[in-house]
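Those sequence lines, one after another, are chains D and X.
Throughout the first sequence, residue numbering follows numbering that gives the first Met the number 0, covering 0 to 134 in sequence.
Throughout the second sequence, residue numbering follows numbering that gives the first Met the number 0, covering 0 to 928 in sequence.
Mixed in with the good hints there might be a few duds.
Straight-line alpha carbon distances no greater than 30 Å define the calculated DSSO-like cross-link-like pairs of lysine-lysine that follow [claimed, not checked]: (1) K57/D with K130/D; (2) K57/D with K70/D; (3) K131/X with K70/D; (4) K919/X with K57/D.
Pairwise CB distance ranges, derived in the manner of DEER restraints [claimed, not checked]: (5) T918/X with L81/D: 20 to 26 Å; (6) R396/X with E49/D: 42 to 48 Å; (7) T236/X with E49/D: 46 to 52 Å; (8) F853/X with S107/D: 34 to 40 Å; (9) E49/D with G808/X: 38 to 44 Å; (10) L81/D with G808/X: 16 to 22 Å; (11) S107/D with L921/X: 35 to 41 Å; (12) L576/X with S107/D: 36 to 42 Å.
Covered stretches of chain D, going by a simulated chain X footprint (3 or more residues, C-beta under 8 Å) [unchecked claim]: (13) 28 to 40; (14) 54 to 65; (15) 92 to 105.
These are computed hints drawn from the structure, not numbers from a lab.
All C-beta atoms, glycine included, are put in the ideal place defined by N, C-alpha and C.
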Amino acid sequence: MAAQTSPNKGTPTRILACITLDTHAEAIIQAAYQQALQREAELHVLHVAEPGAATRRKPADAARLATLLRKAASKGAQTQVLQSYRVAATIVQVAQQLPAELVVVGPSSTAALKRLFRPTLAALLEAAGMKVLII
Amino acid sequence: MSNSVTSDQYAELPPLEICSAVGSSPHGLEEQEARARLERYGPNSISDPGGTTIIKRLMNSFANWITAILLVAGILAFATGTPVIGWVILAVSFVNGCFTVWQEYVAEQAIAALRNLLPPMTFVRRAGQTRKVLTSEVVPGDILALNPGAVVVADAYLISGDGMRIRQHMLTGNLALLTKAPGALPDATLPPLQRPNMVLAGSIVAEGQGSAVVVATGMQTLLGRVANTTASLNSGTSPLGRALASLAQTISRVAILAGLAIFGLVFFLQGEPVGAALIFAIGMIVAFVPEGLLPTVSLALALARWRLKRHGVLARRLTGVESLGSATVLCLDRSADLAAEGLEVAAVWTNGTVYTITGEGNAPEGAFLRAKALVEPAQHSDLYTLLQAAAIGCSARLLPPDQESPTWRVLGDPAEGALLVAAARGGVAIDPTRFESLQRFPQEVRRPLITVVVADPDLPDRTWRVVSHGSTRAILDRSTSVCIGSEVLPLTRDQIDTIQAQAEAFARDGMRIVALASGTIESDDPAGLRARDVERELTFLGLAALREPPQPAVAELIDGCRRAGIRTLLVTGAYGLLAEAGARRAGLVQGPHVQIITGVELDRMSDADLGLTLAPGVELLFAECDAEQKRRLVRALQARGEVVAFMGDSINDAPALKQADIGVAVGRSGTAVAVAAADLVLDAEHPAGLLLAIEEGRAIFTNIQKFVAYLSTHNLAQAVAVVVAAFLGVPLPLTVVQVLLIDLGAELFPAIALSSDPPEPGLIDQPPRSRSTPLANRWSLIRPSGWIEGILALIAFVSVPLAAGWVPGTELVLEGQLYHQATTMSYAAIVLSQVGVALGLRSQRLPIWQLGLFSNRLLLFSIAASIGMMLLLIYVPFLANLFQFVAPTPQQWALLACYPLIMIITEELVKWLRKRRQTKALQHASLPA
């Protein structure tokens with residue numbers, strides 16, 4: 000039995016989990032893992048950081064990111080850390096390029112007032128035609 | 000001491016003959032003889048190569064191009080009547096000198112660390128009595144008394160010994176204990192480090208006791224020779240140092256040419272007196288000198304060092320960080336750390352499908368992947384059956400983290416432990432009370448498999464389960480059927496061929512294969528069964544591919560270097576095949592064939608042959624290399640034009656560490672000498688920290704390029720404004736004081752802030768820059784932005800007489816307040832245009848809207864400071880009178896406010912054109928001929 004494939008594109012089913020360094024990261028990875036297991040899909044875990052973040056990040060944050068990526072890899076995920084000033088746009092771009100059948104994200108940390116002017120990541124992904132699971 | 004026998008030849012002599020060869024005996028030397036020998040051979044210490052005074056070092060530090068032109072510029076500033084600027088320039092030069100002296104001081108700590116390796120006192124036997132003497136007074140012929148904990152203070156041959164085991168980690172970096180015993184060696188060609196009858200200065204006695212006769216002291220010891228080699232090596236000029244020198248030469252030429260041209264124009268075309276023209280020309284020359292370059296470089300390096308230190312990377316020499324950014328080859332001497340301990344099941348094969356297994360260490364959490372897609376083993380009966388058999392057949396135990404170990408660990412055979420961990424990751428947990436073990440047939444030389452007979456409650460009475468695992472051949476020979484899904488079918492020839500082909504494929508990847516099979520047997524007395532009774536008519540279940548897991552951090556480093564276009568070579572003292580195995584596991588060697596060159600073979604090669612051997616594209620590995628061979632290899636790579644980084648941790652590596660463009664020592668296990676000879680020191684547990692340093696190094700160079708481009712823009716703008724004005728017969732649009740105020744006042748802070756920009760995305764994935772890449776090329780010195788900025792400055796200048804009623808086509812005469820207001824406009828035009836240049840220059844590839852306005856806040860503060868300073872000069876009456884500024888009108892400010900935007904558009908247009916040209920070039924290159 001081969002891995003499930005998307006009905007229209009003939010590519011394997013892929014689940015994309017987008018993590019930050021906040022407390023939701025583990026839950027996002029676990030939820031994405033469960034989804035991937037159920038669908039026999041590829042699991043991709045993505046972290047987008049601002050350029051230069053590797054050395055400009057606090058050592059504790061760097062250690063946390065390394066731990067998260069290691070845990071994700073041990074769950075069979077293909078991990079990727081990208082550097083970009085436009086975090087949301089980069090995530091949407093990666094989700095489209097994979098293409099991801101489902102994108103798992105954490106709750107928006109954007110303040111309610113700011114959301115009036117700036118859409119959340121989930122909203123951007125949905126606008127791009129992606130299925131989104133918010134943890 | 001006999002002159003007819005060399006120190007190496009002592010190795011083949013019995014202990015007493017060695018004593019006699021050095022004019023001694025097991026009772027030791029007489030005191031009088033010891034004193035005489037001390038006179039003859041000198042003290043047993045690492046001699047000081049001769050220090051350099053601070054003053055001399057400071058003088059030497061001024062002997063470079065960049066400082067020379069700074070000094071000349073300082074003197075010229077005094078000549079133009081701007082002593083403040085002159086003093087600032089001289090202070091910058093002095094600080095730079097102190098910085099260089101400090102760097103040299105740090106670099107020379109290598110030899111200082113060597114001197115501290117030996118204890119101040121030691122025990123020797125003299126005239127039949129054991130005495131405590133100063134280490135420096137030990138002489139050839141002395142008998143060293145060696146007990147546990149003692150440090151060997153000179154090179155010596157054992158004359159007696161009982162269970163002696165020593166550590167040579169100071170010399171080799173290898174913590175393993177080595178057995179030493181007295182007695183003649185049949186082969187004296189063994190290197191001193193490997194001679195069992197020899198103990199070397201710096202070694203530590205770990206177990207046993209004995210005595211040894213000293214054959215070499217001080218600088219004649221191996222330690223001393225390494226010290227001598229290390230001390231005699233100069234670190235040489237760093238790639239950044241060379242680039243700075245080249246930039247200084249270019250700037251000197253451009254500044255002098257610009258000064259001469261401006262003098263001619265101002266004198267001949269403008270008709271200014273000689274004195275005024277000379278002062279203006281000197282002002283222009285001073286303006287061309289980048290006073291902020293050295294502080295910028297220092298700040299960029301110091302900031303990078305601070306950031307790296309927080310991540311466990313210690314930069315001993317500041318320029319080392321930048322040099323690493325240009326490294327093209329990384330030589331590694333860490334073969335022992337390439338793989339982690341134990342075994343893991345990397346993949347299993349069953350029913351024609353390969354499942355890869357992920358997980359950390361021995362933890363039971365993990366995942367099964369089929370072609371990258373996650374699978375649940377319980378949903379795949381053939382896979383689940385295989386994992387069940389693996390768990391039943393293993394006698395190893397998996398223990399959870401406890402006080403003794405913070406991680407999961409395996410008790411028992413590592414291969415069986417790996418199978419057990421794989422089963423646990425697949426969700427298979429065997430209850431030992433349910434599958435009671437009745438018989439176990441261990442592996443034998445002629446029977447390469449293990450078989451267990453267990454009770455299975457799912458089977459009928461008197462029927463027992465048999466599980467076997469072992470070599471593919473042994474399991475296939477005993478199998479008659481194969482498990483396909485949930486069915487059991489007869490094993491055909493084609494299936495056997497497929498299984499063997501898969502086993503070979505795993506073996507080619509360096510995996511160790513374990514085949515698994517199971518069956519049932521009926522018996523009333525299962526405990527009385529023999530192996531040949533149960534190991535028959537088995538059902539073949541599948542294959543497990545085991546490997547020694549790569550050390551994740553080392554694998555990350557090697558992968559990162561590959562992405563960064565850095566060639567990685569293993570250069571080690573370890574044996575060839577051992578090194579190759581480690582290199583393969585870490586991904587250092589990927590092809591089926593690797594050329595292993597030993598130290599002896601290296602010695603036989605000429606420099607030309609070695610250079611040819613080192614050509615890229617061939618997978619090479621250097622084994623059994625000593626200190627000098629490692630250094631020669633580094634030299635040979637440098638001769639090929641490579642920028643070499645060497646990563647090592649023992650004294651044996653010290654000469655290579657110092658010879659390399661960048662020496663990288665690995666922290667905790669590294670010896671003091673290796674650390675002192677290195678430019679960078681890494682945390683042993685995070686060698687991948689080197690990648691951070693590579694990225695920082697590359698960012699430093701590109702940031703300095705930005706700095707130079709920024710300064711060149713306003714220098715060119717000033718020159719363009721003055722030259723065009725001279726040709727048009729317009730009064731000079733800037734005064735000499737304004738030129739210097741732009742240069743040293745308003746522009747310095749934004750320029751320095753540019754040096755703190757974070758690395759551009761993807762910088763680490765770019766190939767290393769060429770050794771000859773300049774900080775400023777022709778295009779960065781004649782940037783389009785500079786021309787446009789110059790024209791804008793002239794437009795701002797002319798806008799003042801235009802507003803005052805001047806009609807183009809008539810003679811432009813500007814005097815008094817009107818002229819000062821016009822020059823104020825030119826000054827403000829350049830300062831404000833530079834705001835747009837600074838923002839546009841932040842990235843060579845990305846447009847400003849992708850960078851984010853707030854991603855370099857220091858630059859924003861600097862721009863604000865620059866504008867604030869300009870406003871102070873114009874609006875504070877005292878300053879305005881001093882520098883002859885007259886405030887522009889609101890309409891004129893409105894014109895100036897457009898300038899940053901114009902410059903941003905110009906910079907973005909240049910980027911777009913450059914990108915388009917590069918894309919076209921790439922397309923052209925990819926077209927078939």
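Original post:
Is K57/D within 30 Å of K70/D, Cα to Cα?
Top reply: Cα-Cα ~20 Å, so holds.
Subject >> Whether the CB-CB distance between F853/X and S107/D falls inside 34 to 40 Å >> reply: violated (20 Å)
Original post:
For the stretch 54 to 65 of chain D, do at least 3 residues have a Cβ located nearer than 8 Å to some Cβ of chain X?
Top reply: Coverage by chain X holds for the stretch 54 to 65 of chain D (5 residues, Cβ < 8 Å).
Subject >> Outcome for the supplied range 36 to 42 Å, where the beta carbon pair is L576/X and S107/D >> reply: violated (56 Å)
Original post:
For the stretch 92 to 105 of chain D, do at least 3 residues have a Cβ located nearer than 8 Å to some Cβ of chain X?
Top reply: violated (count 0)
Original post:
Within 16 to 22 Å or not, the Cβ separation of L81/D and G808/X?
Top reply: 59 Å Cβ-Cβ, so the 16 to 22 Å window is violated.
**OP:** May I ask you to test the hint 38 to 44 Å on the CB atoms belonging to E49/D and G808/X?
**Re:** Given about 55 Å between the Cβ atoms, the range is violated.
Original post:
Do T918/X and L81/D keep their Cβ atoms within the hinted range of 20 to 26 Å?
Top reply: Once the Cβ atoms are compared, 22 Å apart, the range 20 to 26 Å for L81/D and T918/X holds.
Original post:
Do at least three Cβ atoms from the stretch 28 to 40 of chain D come closer than 8 Å to Cβ atoms of chain X?
Top reply: holds (count 5)
Subject >> Verdict for T236/X, E49/D (Cβ pair) under range 46 to 52 Å >> reply: violated (34 Å)
Original post:
In this structure, is the beta-carbon distance linking S107/D and L921/X contained in 35 to 41 Å?
Top reply: holds (40 Å)
Subject >> Restraint check for K131/X with K70/D, where alpha carbons must lie at most 30 Å apart >> reply: Violated. K131/X to K70/D sits at ~57 Å, over the 30 Å cutoff.
The structure fails to meet hints 1, 3, 4, 7, 8, 9, 10, 12, 15 from the earlier list, while all remaining hints are met.
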